[in-house]
Amino acid sequence: MRTLIRWGILGPGKIAHSFAGDLELVETGVLNAVASRSMERATAFAETYDAPYVFDDYDAMLASDTIDVVYIATPHTGHEMWALKAMEQGKHVLCEKPLGINRSQVERMIACAKKNGVFLMEALWTRFNPSIQKIKQLVDAKKIGEIGYLHADFAFYGLDKGEEGRLLNPELAGGSLLDIGIYPIFLSYLLLGKPKNIQSSVNIHHTGAEVQAAMLFDYGNTKALLYSGLTSNSEMRAEIQGTGGTIFIDSRWHETQGFSVIMDGVTKEYGLPTTGKGYSHEINEVHSCLQSGQLESEQWCHANSLDLITLLDTVRQQSNIVFPFEK
Numbered sequence: 001m002r003t004l005i006r007w008g009i010l011g012p013g014k015i016a017h018s019f020a021g022d023l024e025l026v027e028t029g030v031l032n033a034v035a036s037r038s039m040e041r042a043t044a045f046a047e048t049y050d051a052p053y054v055f056d057d058y059d060a061m062l063a064s065d066t067i068d069v070v071y072i073a074t075p076h077t078g079h080e081m082w083a084l085k086a087m088e089q090g091k092h093v094l095c096e097k098p099l100g101i102n103r104s105q106v107e108r109m110i111a112c113a114k115k116n117g118v119f120l121m122e123a124l125w126t127r128f129n130p131s132i133q134k135i136k137q138l139v140d141a142k143k144i145g146e147i148g149y150l151h152a153d154f155a156f157y158g159l160d161k162g163e164e165g166r167l168l169n170p171e172l173a174g175g176s177l178l179d180i181g182i183y184p185i186f187l188s189y190l191l192l193g194k195p196k197n198i199q200s201s202v203n204i205h206h207t208g209a210e211v212q213a214a215m216l217f218d219y220g221n222t223k224a225l226l227y228s229g230l231t232s233n234s235e236m237r238a239e240i241q242g243t244g245g246t247i248f249i250d251s252r253w254h255e256t257q258g259f260s261v262i263m264d265g266v267t268k269e270y271g272l273p274t275t276g277k278g279y280s281h282e283i284n285e286v287h288s289c290l291q292s293g294q295l296e297s298e299q300w301c302h303a304n305s306l307d308l309i310t311l312l313d314t315v316r317q318q319s320n321i322v323f324p325f326e327k
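The sequence shown begins at 1 in our numbering and counts up by one.
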């Protein structure tokens, strides 16, 4: 009988609920422990998902023998510290995106993973979405010819979320870019690689947080128009134009259940629904890596996370976006 991979969740917020729900759909793993600053909150979360161990101290869970791998779902500012602490305790880590706030943090996290011989992956769940997997195969095989244009955005109205919350507070690495701008940048990088040049323009809220980022990624003969924002909603339907056809990724493309391909005036629909909300696919990737002894995923490796944070850093540097704790 195969031993179940035991998960611990550090930071039981909204995204952790989605993750835990999808973990229940994965037969090879189990939620074994939950840690929160509040015992009441941790207990309620654990009862919801039948986790037997509850902690009101993050360090205590990481030091315990109740888990094999930890899912870090804290605000961005906690990612590096808690990932380092987990790996120093010999725990494998799946850390919410962005893996770190800047390249230096990501470099330290990767070095720590290698030093301790543990698995580390950025939880960029869209990478493992069945539709995105299929689209990458089609693009790589040049099924729609040479790509000339890509458009992707991610926007919702977030100016009413409160200025002390993570979205609008620079002390918490707030702004649209790291929270949701990472998705359009990821799609361009996944399909087209690293651009030759980046141009960007941002809008800064009175709190000091960036709330709009418009970006042009220049690949020579290919251009990618990317956007993230907290000042309006958007349809979030991505478009990839090639010399032989066009791919449209269905609305809310980062969690899409399908896409369409138009070639020679004929539209072909692809329905590729996720299992659960879609987190199960990245969980399965972690399990596959751990079961085969891999310390990083071939589909989203350490080098990919370094490239992605470097692109985010570049956009920030162009607009002099520096968080208070980085000064």
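In short, the hints are calculated from the structure, not lab data.
Small disclaimer: the values here were computed from a predicted structure and weren't measured.
Any given hint could turn out to be false.
For each label pair, taking beta carbons as the anchor points, the in silico distance ranges come out as [to be verified]:
#1 D160 to V266: 30 to 36 Å
#2 N320 to A44: 41 to 47 Å
#3 G21 to L272: 34 to 40 Å
#4 E47 to G148: 50 to 56 Å
#5 E269 to G145: 16 to 22 Å
#6 E298 to Q257: 22 to 28 Å
#7 S104 to A44: 24 to 30 Å
#8 K142 to R41: 25 to 31 Å
#9 G293 to E269: 26 to 32 Å
#10 K134 to G293: 26 to 32 Å
#11 G244 to E164: 47 to 53 Å
#12 D264 to K136: 19 to 25 Å
Straight-line alpha carbon distances no greater than 27 Å define the calculated DSSO-like cross-link-like pairs of lysine-lysine that follow [claimed, not checked]:
#13 K223 to K268
#14 K223 to K143
#15 K268 to K142
#16 K85 to K143
#17 K85 to K114
From the three backbone atoms N, C-alpha and C, an ideal C-beta is built for every residue, glycine too.
Here is what the structure says about each hint:
Distance hint check for D160 and V266: the Cβ-Cβ separation is about 44 Å, which falls outside the suggested range of 30 to 36 Å. Separation of N320 from A44 is about 42 Å and conforms to the stated range, judged on CB atoms against 41 to 47 Å. Between G21 and L272, the C-beta spacing of about 20 Å breaks the proposed range 34 to 40 Å. Between E47 and G148, the C-beta spacing of about 53 Å keeps the proposed range 50 to 56 Å intact.
Taking 16 to 22 Å as the suggested C-beta distance range, the pair E269 and G145 conforms, at roughly 20 Å. A hinted range of 22 to 28 Å for the beta carbons of E298 and Q257 is consistent with their spacing of about 25 Å. In this structure the supplied range 24 to 30 Å is violated for S104 paired with A44, their Cβ-Cβ distance being about 36 Å. The given range of 25 to 31 Å is broken by K142 and R41, whose C-beta atoms sit roughly 50 Å from each other.
Taking the beta carbon of each, G293 and E269 are about 39 Å apart, not inside 26 to 32 Å as hinted. Taken as a hint, the range 26 to 32 Å holds for the pair K134 and G293, whose Cβ atoms sit roughly 28 Å apart. Distance hint for G244 and E164: a CB-CB separation of about 50 Å, consistent with the stated range 47 to 53 Å. For the pair D264 and K136, the beta carbons lie near 22 Å from each other, so the given range of 19 to 25 Å is met.
For the suggested pair K223 and K268, the alpha carbons sit about 25 Å apart, so the restraint of at most 27 Å is met. Simply put, K223 and K143 have alpha-carbon atoms about 19 Å apart, close enough for the 27 Å limit, and the pair holds. A threshold of 27 Å between alpha carbons decides the hint, and for K268 with K142 the separation of about 16 Å falls inside it, so the pair holds. For a cut-off of 27 Å, the pair hint linking K85 to K143 is broken: about 45 Å separates their Cα positions.
Restraint check for K85 and K114: satisfied, since their Cα atoms lie roughly 14 Å apart, inside the 27 Å limit.
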